[in-house]
Structure formats: structure tokens, C-alpha cells
Amino acid sequence: MNVNGLMRILAAIPFVGILIGVYFVNRVTPYLFGMPFLLSYCVIWVVLTSVIMTVIYFIDPKNKEGAAE
Amino acid sequence: MNSALIIIFIVMILSIFLGIRAKKGKDMDLEQWTVGGRGFGTIFVFLLMAGEIYTTFTFLGGSGWAYGKGGPTYYIIGYGCLAYIMSYFLLPKIWSYAKEKKLLSQSDFFVSKYKSPSLGILVSLVGVVAMIPYFVLQLKGLGIIVSEASYGTISPAAAIWIGLAVVTVYVMVSGIHGSAWTAVAKDILILVVVLFLGIYLPIHYYGGIQPMFEAVDQAKPGFLALPDTGMSPSWFASTVLLTALGFYMWPHTFGSIYSAQTAKVFRKNAIFMPIYQLVLLFVFFAGFAAILQVPGLAGPEADLSLLRISIQTFDPWVVGVIGAAGILTALVPGSMILMAAATLLARNVYQAVRPSVSDAEVSKIARYLVPVVALIAVFFTFKGGNTLVTLLLMGYSLVTQLFPSLICSLLKKNFVTKQGAFAGILVGVATVTYVSITGATVGTMLPFLPQAIKDMNVGIIAMVINLIVLAIVSLATKNVSVTTAKTKTVS
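Going line by line, the protein sequences match chains E and H. So for the first sequence, this note's numbering puts the first residue at 1; every next one is plus one. So for the second sequence, this note's numbering puts the first residue at 1; every next one is plus one.
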């Protein structure tokens, strides 16, 4: 698989996690990190999005040193 | 005058000082004024775009929603994530095209891509109409904050006039440079205030964050998740998606894309922006803490919950710091909106109608339009009444209608013609207006559908109609503009 394809798949993951996932996690318990389950689920995706974007940033050839903009 | 007011006034004066000082050593032509000479680095762009998240709507509205609506509030941290992912791929493309063509406003982008000044006029008008309620909302928030934090000694109306004068002065003098420097002060202050409130209040009143949620859940079972109908998971998913699409379609946000120095700025920001949103969690915590401590705020009064619980808990000087942070959350987005609206009207409406006007004159007109737009907004602030949230949601749905033709214009082979773009936007905007005014929902229009679809955000319908019309008209007018389409694909 080329890098662009991989980046697209990575970028799609949070969309699935948030837009589809919400149908399955709409509940208050169990509490996670002290928060209702649905809220902690959203928070996990916020953190994962940052992680995924970091990975994308480092595999993207455009961000390599001296790459032309 | 109490200590809360003194602190609020010091911060206001400081923001005027920062705003005016930002002009230093710069020759303020329109490019400097509205897009900072395309010279902003990662931090300024980050703060200008983050300004979009921390407006008075999130500061008061985020805690207000947590207080009044509970679970549905979580959508606020969901849509940003998706918007930032898209930003990684879209913003560098928009930025480099804008730089190459020396674009200054959002409408310029449509004019240049579709080779149609009339499309620019339409996009400008949609943008200005959408931004006015957004600005009105900031002003109302400002009025609430000052009058609450002054313990009622300054009326909301007086506060609105003062805030408006501050913002108008520094926008006219320094343009986007003023906003950027005030944004620095704002984000530092808001970070401190929100983290403090969100941690201190739950511990002080409930002994911790989980005990607070447990107490709320016991008092209102199910309140901390989504309801089965109405603001259900379908509502959540459709609203997150629509809001994410509309996120960068606001003219002032779109305009701040141009201010970056390199495209790399956006890709770097896409890493930090999602996590920065977690600050909003603490805004929610403050709202949830207020549920059992300052009960009885009904309807729009829920927006007061953060301030009311602060007044009940702290000394006046702390309330002053909170109020000052709140005011900055109104001033920064407010200044961006004013500037974007003035630029659109001067450049994409006035100059489009009278092409003989020189650029220097447009620059001057844009600046004189700032107080005019400000006064129009004040008029609506005092006349608007309770329909404000309706107007804001309408504004968001309006700008989202620009998304399909924008995204298509970035394709290598854009099948959309200028007529298609024009018709799609027009029909989408008309649908949004109709739906907002009549209060129709998917359920009332299509009652035979299953509940999961009925709960969807009504903006989806406008978007679908927009897309259908855009496709049909584009196919019908394809031969007319096939030559322009060919020259466009080069970029």
C-alpha cells in the first residue's frame, strides 16, 4: 500500500469511531477516568485523533526536511 | 466600583493597548490588514483558529448546555476532531492556491476558482448574513458577563457599547494583527480560568469529578447520556458531521487560513488542535457542577450557570478574572468577524459591482465599514430577542452550504460549473432559511421515516438538496463552461 492510501485509512478511523461508534456507547456507566462512559469515549477519540495525526505527520513525505511546499 | 470591575477594565485597556501596538512598523494595506501579510507562524495561526473554539458561545454556552441539556453537550468536542483531520488535507491546498492568486477573502476563492464575480457576491452575502448573528451572540455574551461580574452595577447594554467600541477601534487600526495579539492574552487567561474552575468546583462541592457525576446521575437518571429520541445518537452523529463540514466555512476562519506563512503550519496544527479541545471538558465540568448548586436556571438562563456558581463560590476579584477571560472570548472572534464582513462587503460586493474602484480605495472602504457592520450588529443585539440560538444554528447551516462547491473546486477534475455552484448554494440557503423560520424538522417533513432518521440534524436535508441541484445544473450547463473547466484543472 502506498503512503497516501495509508494516510487516508488512518484519517478515516476517527470518523468511524465517532460517527458510528456513538450508537453503541450511549450509556452513563461504567465510569471511566471519573467521567460518564459516553463522555470518556469522546475524550478517548480526541486523544486518539491527536495520536493518529502525529503518525500521519511523520509518514507524510510532504513534511520531510526541505520538501517543497 | 468593586474589585471585579477594576480587573475587567484593566484587561479591556490591556487588550486595546495590545491591539493598537500590534500595528507598529507595518504599512497597513489590505493584505496586511486582513491576512497579516501572510506572515503568521504556527503559534499565531494556532491561536487564531483556536479562537474559533473558545468563543463566548463555548464559555457560557458550553457550560450552559452541560447544565441544561447534559449528554448532548459532548458533541462539542466531537466535531472539532473531525474538522481538524480534514484541515490537514484541505487547508494546505486552499492556502497555496490563495497565495499563488493573492486572494484576500473567502469569496475571492470562489471568484477565482469558478471565474465568476457574481458567485463571489452570493458567497459574500451568505457569509455576512451568517456572521451577523454569530457576532450578535458574542455581544450578548459580553453583556451578560460584564453585568454579572459587576454584580449588576453595569447594565448589559452599557457593557455591549463599551466592548463594541474596544473591538471597533483595534480592528480599524491594526486589523488581524490586533486580533492575533489579543488572542495570545485570551488563550493564556482562559486556560488558567477554565482549568481552575473545572477542577476546583467539582472537588469543592462534591469531593471529586466522579462523585459529581454520580450525584448528577442520581438526581437526573440518564441525563449524562443521550436521550433515545430527539437529541439521540442519530442527532449526535449528524450534527457532529455537519458542524465539522461547516467548521472552516465561516468567512473569518477561512480568511485566517491565508494568514499562515507556510502550508506546514496547518499540518503541524492538526496534531495539537484536537488535544487542545480537552480544555472544553473543564468548561463542561463547571456546568455540571452548577446543576445541583445553583438549580432553577431554566431555558436561556442556563447560560448563566458558570457565572452564577462562580459568584456563589468566590471573592469578587476571582469573579473579575473569570469575567475578563470571558470578555476576551467575545472580543477575539468578534474582531475577526468584523474584519471578515467588512472585507467581503468592500472587496467582493462593492468592487465587484464597480470594478473601476482602486485597491487603495477598497482598503479604505473596508475600514470604514467596520463601524457600520458593528452598528448593524448592535441593532440586532437589542432587537433580536430570544431567537438568538435559532439564528446561530441558522448561521452554521448557511455557511455549511458553501462546502460542496468548495470541496469540488479542489478536485483535479472539477465537474461543477459556476452555474451549478451558484444554484446549489442558493437552493441550500433557501432550504435552511425555510426550515429555520418554520421550525420544520426531518420528522415533520417526512413523518413516515424511522425515528433514527427523523432525529437527524435538519441541515442534512438542505445539504442533500444542495448536492442534487449542484449536480443537475452542472451537468446541464457543462458544455457552456467546458473551456473554463479545462483551464482550471491546471492548478
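Keep in mind that the hints were calculated from the coordinates and are not lab data. Just to be clear, a hint being listed does not mean it is correct.
Dumping the calculated BS3-like pairs for lysine-lysine here, alpha-carbon to alpha-carbon at most 30 Å [unchecked claim]:
| # | chain 1 | residue 1 | chain 2 | residue 2 |
| --- | --- | --- | --- | --- |
| 1 | H | Lys101 | E | Lys62 |
| 2 | E | Lys62 | H | Lys383 |
| 3 | H | Lys454 | E | Lys64 |
Here are some chain H residues the structure puts well away from chain E; computed CB gaps all over 10 Å [said to hold, decoys possible]:
| # | residue |
| --- | --- |
| 4 | Gly71 |
| 5 | Tyr97 |
| 6 | Ala237 |
| 7 | Ala430 |
Because the structure is a prediction, the values reported are computed rather than measured. Using N, Cα and C, we set each Cβ at its ideal position, and we do this for glycine too.
Structure-based check of all given hints:
1. H:Lys101 with E:Lys62: Holds, at about 22 Å.
2. E:Lys62 with H:Lys383: Not OK: Lys62 (chain E) and Lys383 (chain H) at ~51 Å, beyond 30 Å, violated.
3. H:Lys454 with E:Lys64: violated (47 Å)
4. Gly71: violated (6 Å)
5. Tyr97: Non-interface label stands for Tyr97 (chain H): nearest chain E Cβ at 12 Å, farther than 10 Å.
6. Ala237: violated (4 Å)
7. Ala430: holds (27 Å)
Checked against the numbered hints above, the structure breaks hints 2, 3, 4, 6 and satisfies the rest.
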